[in-house]
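Top to bottom, those sequences are chains P and D. The numbers in numbering that gives the first Met the number 0 rise by one with no breaks, and the one at position 170 of the first sequence is 169. The numbers in numbering that gives the first Met the number 0 rise by one with no breaks, and the one at position 26 of the second sequence is 25.
Hints in this document: simulated from the structure, not taken from any laboratory. Given the structure is predicted, the values throughout are model-derived calculations rather than measurements. Glycine included, each C-beta is placed from N, C-alpha and C at the ideal position. Not one of these hints is a red herring.
Here are the simulated distance ranges between beta carbons:
(1) D:Ala-17 x P:Asp-389: 53 to 63 Å
(2) D:Pro-31 x P:Pro-37: 45 to 55 Å
(3) P:Phe-503 x D:Pro-31: 48 to 58 Å
(4) D:Lys-106 x P:Ala-107: 54 to 64 Å
(5) D:Pro-31 x P:Gly-332: 32 to 42 Å
(6) P:Phe-503 x D:Thr-52: 40 to 50 Å
(7) D:Cys-39 x P:Ser-27: 52 to 62 Å
(8) D:Gly-91 x P:Phe-46: 53 to 63 Å
(9) P:Lys-425 x D:Gly-91: 26 to 36 Å
(10) P:Asp-543 x D:Tyr-108: 44 to 54 Å
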Amino acid sequence: MIVMQFDPFIIPFNLGLYFILIYVVTRSIIWFRELSRPDKLRLQRGFFGKPFAQSLKEIFLESLIHRKILKTNLRLGYMHMSLAFGWFLLILLGTIEADIFGEKHLNAPYKAIFFKFFNPDHGKTPFEAGYSFMMDLILAFILSGLLLAVIKRFTSKAVGMKKTTRLKRLDKVALASLWLIFPSRLIAESLTSGAYTTGSFLTGTLGSWFATFLPAKEVAYPFWWLYSLSLGTFFVLLPLTRYLHIPTELFLIFMRNSGIRTGDKAGTYSEVEVHSCSSCGICIDRCQLSFSAGINNIQSTYLMKSIRNNEDTNDIAHNCLLCGRCDQACPVGIELSPIRMIVRRARESENKYTNTWNGYFRSKQSLPAPKPAAKPAYDFLPESNPEKADVLYFAGCMTHLTPSIKNAMVSILNASGLNWSFIDEKGGACCGRPLMLAGQDKEARELINFNSQIIWKSGAHTLVTSCPICYKVFKESYYLDVEVLHHTQFIKNLIDEGSVKMNFLNKRVTYHTPCELGRNSGVYDEPKEVLRHVASLEITGFDDENSLCCGGSLGNIMLSQANKRKIATDVATELTKQSPDYLVTACPLCKKTLAPVSKSKVADISEIVAEAIVTPAYTKKNSQQRKKKSRVSAGIT
Amino acid sequence: MDKFGFTISKGRQIDWEANNREIVDFIIEREPSLKSCIECGGCSATCTTGNFTSFSLREIHILLKRGENEPVRDIIKHCMLCGKCSLVCPRGVNTRNVVFLARQAFKKYDSYAV
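Required output: the full structure, derived from the provided sequences and hints.
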């Protein structure tokens with residue numbers, strides 16, 4: 000006889016479950032509709048192609064196993080994995096269990112979740128007992144992770160993290176309901192098992208112990224209610240809290256694998272990214288503002304939280320070095336710096352959603368809209384008349400502030416024998432990057448146009464710059480038909496061609512990778528190869544992606560000089576541990592920042608190279624020629 | 000020529016009553032380092048914009064501190080935010096943020112007009 004298996008305690012769970020399912024479907028339809036046309040096509044193509052399989056693999060590895068977190072931090076990774084993968088297994092195997100052992104196939108979800116309540120006798124035959132053992136094992140797996148989570152909440156050091164994220168009130172309620180889910184399941188199942196003498200090593204043992212002093216069957220019932228209630232509460236609060244990352248991360252992975260990127264305007268993708276942040280806090284430990292300057296409220300996880308909660312993000316967005324260390328470490332792969340730049344570009348954001356219930360459906364986008372256009376600011380810039388040359392050298396503001404780098408570059412360019420010209424010898428306009436970093440793209444565009452004209456008119460095919468800040472903007476935001484080279488790449492080319500002979504200097508050097516050159520532009524190898532060519536380069540442990548920011552970054556407009564100095568001191572200490580002859584960098588701003596706090600001498604790579612260049616034997620004739628050549632190329636006639 | 004070629008020149012004293020320190024207060028609240036400026040002019044000497052115009056951050060600081068905001072309103076937009084001034088400042092004033100905040104302040108107090 001088939002009995003209708005129902006009990007009122009399942010109602011909270013069912014309400015929550017159907018609510019969240021309907022919510023996620025509606026939300027994804029809204030998100031899809033807000034996508035730009037090209038992105039829609041990308042997503043459609045991705046859905047029926049190779050990216051789909053890739054995404055499934057990534058979802059398994061990242062959303063369930065949490066491979067990247069495991070790599071960064073084993074204990075934190077275990078915590079995330081046990082909760083995500085364990086819960087997934089519990090649902091999957093629970094559904095199979097209900098399907099095999101239940102009174103019929105294809106059950107409603109609650110049958111799987113509350114299987115024990117409806118089938119208290121289950122677990123008597125050896126096969127059933129084996130299955131129960133597996134289920135108990137998974138529950139134990141989850142509970143071990145939960146224990147770590149509880150400990151982390153109180154002492155974050157226990158899971159190997161220095162800092163953990165602070166929460167808002169609703170997050171706390173959701174967190175409490177999440178924490179209650181598994182212990183209440185454990186107790187409810189144990190009590191029922193105790194009453195019917197079923198259950199495996201965990202629920203069975205605990206249950207029979209409970210049964211010795213409790214009327215197990217009667218006490219079990221309220222715990223089944225608690226289990227259902229905590230599940231329901233968690234589902235209902237999920238869209239308002241950081242736990243929305245559980246469903247949105249799946250979308251993020253699909254979108255990313257389909258080729259969608261953040262771009263420079265707020266849109267569906269950035270919105271999905273913001274909601275995919277699980278507040279794991281890995282970015283906090285990576286942030287130099289946190290571990291050197293003691294600033295602990297501006298990290299990317301807090302930026303994501305502020306955007307989600309529609310708080311004023313102005314201060315958080317601007318107090319950041321934009322060094323990209325967090326982008327590199329984010330286990331979800333959120334493009335954190337581009338999102339920060341979107342916020343900077345936008346007008347001061349206002350607190351729009353004070354009502355909690357509005358949080359479920361925001362009007363269009365929670366990231367603020369871009370600024371309207373203004374009248375030109377740099378119309379004082381003169382008409383330019385550059386001389387013709389093959390190679391242009393743009394020193395940039397910062398190189399002008401460090402004349403030794405400028406002089407070194409002039410001597411390298413002279414030694415190269417190329418037909419070159421110094422376009423901002425008498426001080427040109429800025430490249431535009433500092434304005435962009437401050438979110439003032441419109442103004443930056445004016446400077447870009449001004450510099451572009453000079454470059455076009457000169458008819459050059461190569462542009463060399465000794466500043467990574469300029470390099471990045473020339474490379475990415477100028478629409479030029481010239482090859483843009485950072486001076487390290489240029490010198491590397493000279494070495495490869497053999498056009499400039501260099502001595503090997505008997506010097507030990509360490510290399511500091513500038514953020515704008517390394518993480519932000521992907522130039523890691525050329526500077527190191529150049530250095531290996533002229534000196535003995537030593538490894539510091541802060542190489543390539545793991546390099547530090549000197550602290551002087553123009554990305555941070557708010558940081559005080561004192562804090563900049565703290566960061567620079569820490570960096571200089573780390574990089575001069577082996578007391579090298581030179582701490583070499585490839586950025587005039589890094590040099591300027593590190594020089595006052597470093598034990599070793601700080602030099603730009605060009606200075607080292609200029610020192611190493613083999614000068615031809617001195618004769619009166621070639622000295623005059625050289626002088627003339629440099630005067631001509633420098634434009635002094 | 001009833002004045003024989005002479006005119007009575009306008010008063011040159013600072014009229015504190017008429018001046019408005021809203022802008023500088025907004026800046027100092029967010030960037031207190033401005034208070035330690037000694038008006039040495041290092042910032043003006045190194046300025047990129049100064050290559051092309053008479054733009055002087057020192058002058059701007061003085062005008063803002065006096066509360067004479069009007070001449071600053073348009074001039075402040077000429078800054079390219081390159082940040083050289085904050086690197087040369089002997090007093091550690093975050094001059095780049097001063098300009099950034101001044102622009103924000105002018106936008107915020109846009110209704111203010113002489």
